[in-house]
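Protein chains: 2
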Amino acid sequence: MDPDFSALDDHLADAGLDGYLVDADGANSTQRYLSGFAAPDPFTTVYTPDATAILVSGLEFGRAKTDSRADDVSRLADYDYRELASEHGTEEAKARVVAAWLDDLGVDSVATPDRFPLGPADRLRKRDVGVTPDTDDVVTGIRARKTPSEIDHIRDTQRANEGAMRAAEALLREADVAADGSADPVLHHDGSALTSERVKTEIESTLLEHGCGLDETIVACGADAADPHNRGSGPLRPDEPIIVDIFPRSKTTGYHGDMTRTFVVGDPNDTVSEWFDRTHEAFDAAFDAVEPGVTGAAVHDAVCDVYEGAGVPTLRSDPTAETGFIHSTGHGVGLDVHELPRVAPDGNELRPGHVITVEPGLYDPSVGGVRIEDLMVVTDDGYENLTEYPIGLRV
Amino acid sequence: MDPDFSALDDHLADAGLDGYLVDADGANSTQRYLSGFAAPDPFTTVYTPDATAILVSGLEFGRAKTDSRADDVSRLADYDYRELASEHGTEEAKARVVAAWLDDLGVDSVATPDRFPLGPADRLRKRDVGVTPDTDDVVTGIRARKTPSEIDHIRDTQRANEGAMRAAEALLREADVAADGSADPVLHHDGSALTSERVKTEIESTLLEHGCGLDETIVACGADAADPHNRGSGPLRPDEPIIVDIFPRSKTTGYHGDMTRTFVVGDPNDTVSEWFDRTHEAFDAAFDAVEPGVTGAAVHDAVCDVYEGAGVPTLRSDPTAETGFIHSTGHGVGLDVHELPRVAPDGNELRPGHVITVEPGLYDPSVGGVRIEDLMVVTDDGYENLTEYPIGLRV
Numbered sequence: 001m002d003p004d005f006s007a008l009d010d011h012l013a014d015a016g017l018d019g020y021l022v023d024a025d026g027a028n029s030t031q032r033y034l035s036g037f038a039a040p041d042p043f044t045t046v047y048t049p050d051a052t053a054i055l056v057s058g059l060e061f062g063r064a065k066t067d068s069r070a071d072d073v074s075r076l077a078d079y080d081y082r083e084l085a086s087e088h089g090t091e092e093a094k095a096r097v098v099a100a101w102l103d104d105l106g107v108d109s110v111a112t113p114d115r116f117p118l119g120p121a122d123r124l125r126k127r128d129v130g131v132t133p134d135t136d137d138v139v140t141g142i143r144a145r146k147t148p149s150e151i152d153h154i155r156d157t158q159r160a161n162e163g164a165m166r167a168a169e170a171l172l173r174e175a176d177v178a179a180d181g182s183a184d185p186v187l188h189h190d191g192s193a194l195t196s197e198r199v200k201t202e203i204e205s206t207l208l209e210h211g212c213g214l215d216e217t218i219v220a221c222g223a224d225a226a227d228p229h230n231r232g233s234g235p236l237r238p239d240e241p242i243i244v245d246i247f248p249r250s251k252t253t254g255y256h257g258d259m260t261r262t263f264v265v266g267d268p269n270d271t272v273s274e275w276f277d278r279t280h281e282a283f284d285a286a287f288d289a290v291e292p293g294v295t296g297a298a299v300h301d302a303v304c305d306v307y308e309g310a311g312v313p314t315l316r317s318d319p320t321a322e323t324g325f326i327h328s329t330g331h332g333v334g335l336d337v338h339e340l341p342r343v344a345p346d347g348n349e350l351r352p353g354h355v356i357t358v359e360p361g362l363y364d365p366s367v368g369g370v371r372i373e374d375l376m377v378v379t380d381d382g383y384e385n386l387t388e389y390p391i392g393l394r395v
Numbered sequence: 001m002d003p004d005f006s007a008l009d010d011h012l013a014d015a016g017l018d019g020y021l022v023d024a025d026g027a028n029s030t031q032r033y034l035s036g037f038a039a040p041d042p043f044t045t046v047y048t049p050d051a052t053a054i055l056v057s058g059l060e061f062g063r064a065k066t067d068s069r070a071d072d073v074s075r076l077a078d079y080d081y082r083e084l085a086s087e088h089g090t091e092e093a094k095a096r097v098v099a100a101w102l103d104d105l106g107v108d109s110v111a112t113p114d115r116f117p118l119g120p121a122d123r124l125r126k127r128d129v130g131v132t133p134d135t136d137d138v139v140t141g142i143r144a145r146k147t148p149s150e151i152d153h154i155r156d157t158q159r160a161n162e163g164a165m166r167a168a169e170a171l172l173r174e175a176d177v178a179a180d181g182s183a184d185p186v187l188h189h190d191g192s193a194l195t196s197e198r199v200k201t202e203i204e205s206t207l208l209e210h211g212c213g214l215d216e217t218i219v220a221c222g223a224d225a226a227d228p229h230n231r232g233s234g235p236l237r238p239d240e241p242i243i244v245d246i247f248p249r250s251k252t253t254g255y256h257g258d259m260t261r262t263f264v265v266g267d268p269n270d271t272v273s274e275w276f277d278r279t280h281e282a283f284d285a286a287f288d289a290v291e292p293g294v295t296g297a298a299v300h301d302a303v304c305d306v307y308e309g310a311g312v313p314t315l316r317s318d319p320t321a322e323t324g325f326i327h328s329t330g331h332g333v334g335l336d337v338h339e340l341p342r343v344a345p346d347g348n349e350l351r352p353g354h355v356i357t358v359e360p361g362l363y364d365p366s367v368g369g370v371r372i373e374d375l376m377v378v379t380d381d382g383y384e385n386l387t388e389y390p391i392g393l394r395v
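Those protein sequences? They're chains A and B, same order as listed.
So in full-length UniProt numbering, the last spot in the first sequence is 395, and the numbers never skip.
So in full-length UniProt numbering, the last spot in the second sequence is 395, and the numbers never skip.
Simulated from the structure, these hints should not be mistaken for lab results.
Each hint should be verified, as a subset may be incorrect.
[What the hints assert, rightly or not] No more than 27 Å apart at the CA atoms, straight line, and that leaves these computed lysine-lysine pairs for DSSO-like: (1) A:Lys-65 with A:Lys-251; (2) B:Lys-251 with A:Lys-251; (3) B:Lys-126 with A:Lys-126; (4) B:Lys-65 with B:Lys-251.
[Unchecked claim] Which chain A residues stay away from chain B? Per the calculated CB distances, all over 10 Å, these: (5) Ala-15; (6) Ser-149; (7) Val-177; (8) Glu-216; (9) Gly-311; (10) Leu-340; (11) Val-395.
All C-beta atoms, glycine included, are put in the ideal place defined by N, C-alpha and C.
Using the sequences and the accompanying hints, generate a full structural model.
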């Protein structure tokens with residue numbers, strides 16, 4: 001089932017533009033979304049209300065015809081690229097080919113993503129193609145609402161993610177504290193210190209077996225965990241909260257999962273236990289708040305209400321807070337791990353098909369960090385949690 | 001040791017421009033190269049002959065000050081970003097901040113990479129900053145010549161790569177042919193069919209243990225191997241050439257390795273054996289040809305000479321050839337897995353510090369494919385092979 005592109009059609013009609021042009025490789029999510037094609041080198045896609053057309057190198061032509069969602073696939077050679085390149089150089093030749101191809105498609109003016117490449121845009125403008133970057137990025141709004149098959153892709157990645165979380169939790173459960181009387185004891189596993197790096201490798205190996213990959217993952221203990229953007233490093237310690245945040249991507253579909261758990265090996269202190277309970281409560285309050293028509297801002301407010309009710313600072317109660325709840329409640333997830341909608345103070349209306357995270361957390365360098373995160377899809381009458389993993393502090 | 005930026009200084013002087021501006025995240029190789037910083041979100045770097053300055057969010061400020069190679073680190077908040085964003089929106093606010101920051105640095109006009117983002121460029125132009133995309137990309141030429149520490153990074157990744165190749169070869173060596181009398185026998189390992197996917201997982205797991213990752217790898221057998229861009233899939237077969245091409249990236253340094261071997265489990269037929277010997281000969285001829293001042297084109301010609309002397313078609317002897325030697329001899333390797341210089345018909349002079357692959361190969365769907373690839377650095381008086389892995393067809 002194709003996405004609903006009516007918002008893009010409206011944008012083009014309002015702006016008086018013929019099409020929406022993308023020049024990027026398949027790692028660019030808007031390119032992959034519009035073209036349905038994941039070539040490793042940049043290629044060109046133009047969407048019009050009538051059809052989607054792509055222009056690729058001869059090398060990608062066969063695969064583009066079978067794999068892409070384009071109605072029309074052309075190749076550079078159809079427009080004498082090689083001859084033009086030997087006369088004018090490769091970049092000018094590409095611009096001339098794209099201009100001729102757009103002309104054949106009846107496209108004289110285009111909207112583009114705000115980060116469309118400048119050189120190709122300047123060269124098209126010189127050939128009298130109107131090129132207008134779309135700063136508000138209407139396609140990211142369309143991408144935010146997932147079709148049933150996109151939701152299945154995200155669910156599949158989240159299943160792999162749960163396997164990785166299980167592997168990480170198992171390593172922690174098997175760990176023990178070295179009985180060396182150290183003043184700063186660390187966890188051990190198989191006779192050596194259990195480090196953040198060791199747990200991350202276990203996570204990544206597990207994801208790999210399930211056809212997923214990741215660029216980064218967070219396994220952060222102690223003061224590391226108190227910084228929401230610290231990825232964590234070095235030995236893990238008993239009795240301290242360990243944040244495990246995994247956001248993998250399917251190598252096949254390109255869709256992400258996202259989940260966080262916080263674990264303590266041994267005995268959490270009272271503050272950490274209290275933080276965990278409050279965060280679980282805030283997490284539940286966010287879920288209770290989600291339904292179509294409610295704003296991301298209202299879901300965020302539900303989390304702030306719980307924390308502030310317990311006397312914990314939030315960025316809502318104190319915009320300069322450096323401890324407490326110091327980030328947003330969540331974000332959309334899809335081909336990008338961070339995309340629309342926002343579940344934050346400026347979050348707009350949630351609508352069916354929006355896939356979002358809910359991830360309240362508390363941070364203080366003197367305590368550490370606690371965060372709980374699930375992934376859900378907004379449905380016609382509420383939500384469906386796409387995550388199947390228990391929530392508990394002690395391993 | 002910093003790279004030699006004199007070619008960029010000359011380019012700016014010739015073009016009458018004050019600096020070179022990059023707006024990209026740390027995954028962009030030119031951004032990482034100029035800034036020495038690998039932030040996950042886009043940030044802005046300006047190089048001038050006097051200094052390199054970067055502009056980051058508050059979130060990245062501390063890390064940018066310690067990790068980047070910039071002489072000067074500023075943050076958006078230094079230019080009232082939050083107030084501007086609430087009045088004008090985030091993108092316009094960023095443009096105003098960048099324009100004010102450039103003004104403080106005395107920069108009125110900039111060259112940019114050809115694929116600099118269009119929206120930010122248009123907004124800077126509106127604020128009277130001259131923005132000229134550099135189509136010929138002088139920085140990629142600078143990036144091609146590696147400093148001693150960059151060569152060490154590449155060598156380290158190639159060491160990890162050799163470990164992965166050993167793991168792949170070991171799987172093949174341990175494989176056996178199912179004695180089921182099938183007309184189309186496949187390799188087995190631990191009781192199940194040994195597939196391309198299984199070998200790739202072994203490769204990726206091994207790389208992971210060595211701190212490296214990859215997006216793709218090639219383990220291609222039979223007709224798959226006859227297409228140089230096919231990544232391979234499904235069961236591997238005895239007596240057929242299996243191409244294993246691995247191009248990992250260090251997660252720490254960002255620098256790549258690259259190596260290919262071709263293996264046969266069982267008995268290669270006469271054509272495959274002959275192809276392997278010719279390819280090894282072409283490979284040696286390419287190495288013999290490399291020294292500073294020789295062009296990439298001449299190295300490519302040395303390979304074509306060997307193949308054509310043996311009566312094998314090349315793209316040089318027949319530009320429409322679909323079998324034989326149907327790609328270039330090699331490419332530069334660094335932060336990008338494909339970068340300058342070219343070792344191809346249009347390859348320019350090789351110079352000390354250029355890190356290149358040499359990877360001749362032969363392809364025919366009725367035979368399969370054979371390719372041998374090592375990675376080398378051009379030195380003051382010749383070259384140093386950065387690869388330590390034996391070359392042999394039978395496992």
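Quick rundown of the hints versus the structure:
1. A:Lys-65 with A:Lys-251: 21 Å, holds
2. B:Lys-251 with A:Lys-251: Judged against 27 Å, a Cα distance of about 18 Å means the pair holds.
3. B:Lys-126 with A:Lys-126: Holds: Lys-126 (chain B) and Lys-126 (chain A) sit about 18 Å apart, inside 27 Å.
4. B:Lys-65 with B:Lys-251: 21 Å, holds
5. Ala-15: 14 Å, holds
6. Ser-149: 22 Å, holds
7. Val-177: 26 Å, holds
8. Glu-216: Given a closest Cβ separation of 8 Å, the condition is violated.
9. Gly-311: Non-interface label stands for Gly-311 (chain A): nearest chain B Cβ at 27 Å, farther than 10 Å.
10. Leu-340: 13 Å, holds
11. Val-395: Correct as stated: the minimum Cβ-Cβ distance to chain B is 24 Å, above 10 Å.
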